[in-house]
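Construct the complete structure from the given sequences, taking the supplied hints into account.
Note that the protein sequences, when read in sequence, are chains A and B. When the first sequence is numbered by this note's numbering, its final residue is 1184 and no position is left out of the sequence of numbers. When the second sequence is numbered by this note's numbering, its final residue is 1184 and no position is left out of the sequence of numbers.
Simulated from the structure, these hints should not be mistaken for lab results. Take these hints with a grain of salt, some might be off.
A pair holds if it fits inside one copy or across any two, identical chains being indistinguishable in the list.
What the hints assert, rightly or not - Simulated crosslink set (DSBU-like; lysine-lysine; CA at most 35 Å straight-line):
id, residue 1, residue 2
1, K1155, K990
2, K922, K1129
3, K1090, K1111
4, K1026, K1129
5, K1162, K1129
6, K867, K1099
7, K1111, K965
8, K1026, K1065
Number of protein chains: 2
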Amino acid sequence: MKNRITSLFDITYPIIQGGMVWCSGWRLAAAVSNAGGLGLIGAGSMYPETLQEHLVKCKAATNKPFGVNIPLLYPDIEKLMRIIEEQEVPIVFTSAGNPKTWTPFLKERGIIVVHVVSNVRFAEKCEAAGVDAIVAEGFEAGGHNGREESTTFCLVPMVRKAVSLPLLAAGGIGDGRGMLGAMALGADGVQIGSRFAVSKESSAHQRFKERIVNTSEGETALTLKQLTPVRIIKNQFFERVDAAEKRGADIETLRNLLGMRRAKKGIFEGDLEEGELEIGQISATIDSIKPAGTIIKEIWEEFVTCRETLLSSDLNEIQ
Amino acid sequence: MKNRITSLFDITYPIIQGGMVWCSGWRLAAAVSNAGGLGLIGAGSMYPETLQEHLVKCKAATNKPFGVNIPLLYPDIEKLMRIIEEQEVPIVFTSAGNPKTWTPFLKERGIIVVHVVSNVRFAEKCEAAGVDAIVAEGFEAGGHNGREESTTFCLVPMVRKAVSLPLLAAGGIGDGRGMLGAMALGADGVQIGSRFAVSKESSAHQRFKERIVNTSEGETALTLKQLTPVRIIKNQFFERVDAAEKRGADIETLRNLLGMRRAKKGIFEGDLEEGELEIGQISATIDSIKPAGTIIKEIWEEFVTCRETLLSSDLNEIQ
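Right, here's the structure in full:
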């Protein structure tokens, strides 16, 4: 059960749980790592002292490798990095910034560095910066998202062709069939967000989880493109932003409409109409709230089954 | 070399060339069918008498099966359908409309009917309407496109799960790796547009083809969402529309900005700044103008190679 991703992280399955604001604290990360995947604590929604606390608890809850996702735009990033160092975090996923900025600091301390990209240009920057692996995340992913709007289906093969680093696909992957699709497109593993956002161990509000379980196709949209594009559920907050954009609202107006702490309000506090409900397109296929370990097991089993089908029947008939 | 798609159409490879306005006349369709795929004449940009002429020429140029793509919003559709019947066209792909409307007419005449969908709801309507196969086309596809913005990666598995009909994936597929990805996601075959739009036999203007060859990632956008969403190259026409939308232009203003015959101007007449240059995201990976037969051969060979790699090395290591 070895490939470049399982070897790099010393995990059983090449399945990474994406670091997500207000969803992925120590409980989720430890559960995923204990089940043979790689769990990530999402530091983006944590004060430095909160991260510190989650790291201590995560280490108490698993002796398997786990990681932290850090958006490089985080205002107090030096403090986070000092905590990462002190707590001897083995793996850091960085996103939303230039991989050059922190990769040397982390690599000098023996930390495995993975950077999230939404285009080939940044994948090439990652290689130059010396990161250990790349996440290529497509337009269908939940939360903040690239301006090129390249989809997973287009992005993964382009990044695969441009760089030789181990490659994780993200965006639109929620089950074993999606995992097989990603591997077929050239990925060495997958990063899955939405499905774990709705897991039992996710720290998201129960109302948020139930809303996601009831989501149908076309219910998410990439919005606020003039600020930072973000994929969310279409609720009253979204409709207000959308109407303002269609009226030609300027950036200042949009920024005021967005205000502060909307992701917390939606995901953590469960305000389904006024919160920012960050989730991916694949939420349309998620129909239950399960323990993270069960999710890993189901993904892996479906992946193995779909792979056998792809190999044995259909394609042998074609050949 | 048989599966549900090759059997349905009696073709060698499960590769369909999408019917495209101003690109896919009899030359392209015949070349694709002669090479073992399924060529489609795109009737959307043809007067009825033009379609008639192309059908006669296509039948003279190939004795293999070929088809016609008809957008159901076509104003003179009864005339087109009469020509389809008279010329004994064996296969019709319908799009941009309700599959119920024309499927019975076509099926009664022994014609194989395929309908293009961008969401699960219409896939289910197709099954109820008695079509023979479905094309599930994602957000990354060129030209007119669904309002849900579901990507190929999300849409194909959802449609696969919802209906049991033979399924073609479209949007984002330009090579054999993409074909394998589509099959892994549950498709029985692929419909490819952009790559053939740039083939030697495409009737697009040489300047259009060269522009596509020089396209990089992020250079297409889905625009005019308040009218009918369409994916085009970002040129001066696009920038004007985009600026108007950001100013809050109403539908009437947008309709005037669009005007008439912009797709013809761009694709057929080669006006790269004022024309509507319909093409998919995968155009970023297209780097040459080749004969359609060569394209089919390359796609198939890469598909076979990628499939062997997926089966033999990587995944066996994982297992």
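Now for the hints, and whether the structure bears them out:
{"no.": "1", "hint": "K1155 / K990", "in the structure": "between (38 Å within a copy, 32 Å between copies)"}
{"no.": "2", "hint": "K922 / K1129", "in the structure": "within (22 Å within a copy, 63 Å between copies)"}
{"no.": "3", "hint": "K1090 / K1111", "in the structure": "both (13 Å within a copy, 11 Å between copies)"}
{"no.": "4", "hint": "K1026 / K1129", "in the structure": "between (38 Å within a copy, 34 Å between copies)"}
{"no.": "5", "hint": "K1162 / K1129", "in the structure": "within (30 Å within a copy, 52 Å between copies)"}
{"no.": "6", "hint": "K867 / K1099", "in the structure": "neither (41 Å within a copy, 43 Å between copies)"}
{"no.": "7", "hint": "K1111 / K965", "in the structure": "between (38 Å within a copy, 34 Å between copies)"}
{"no.": "8", "hint": "K1026 / K1065", "in the structure": "between (37 Å within a copy, 25 Å between copies)"}
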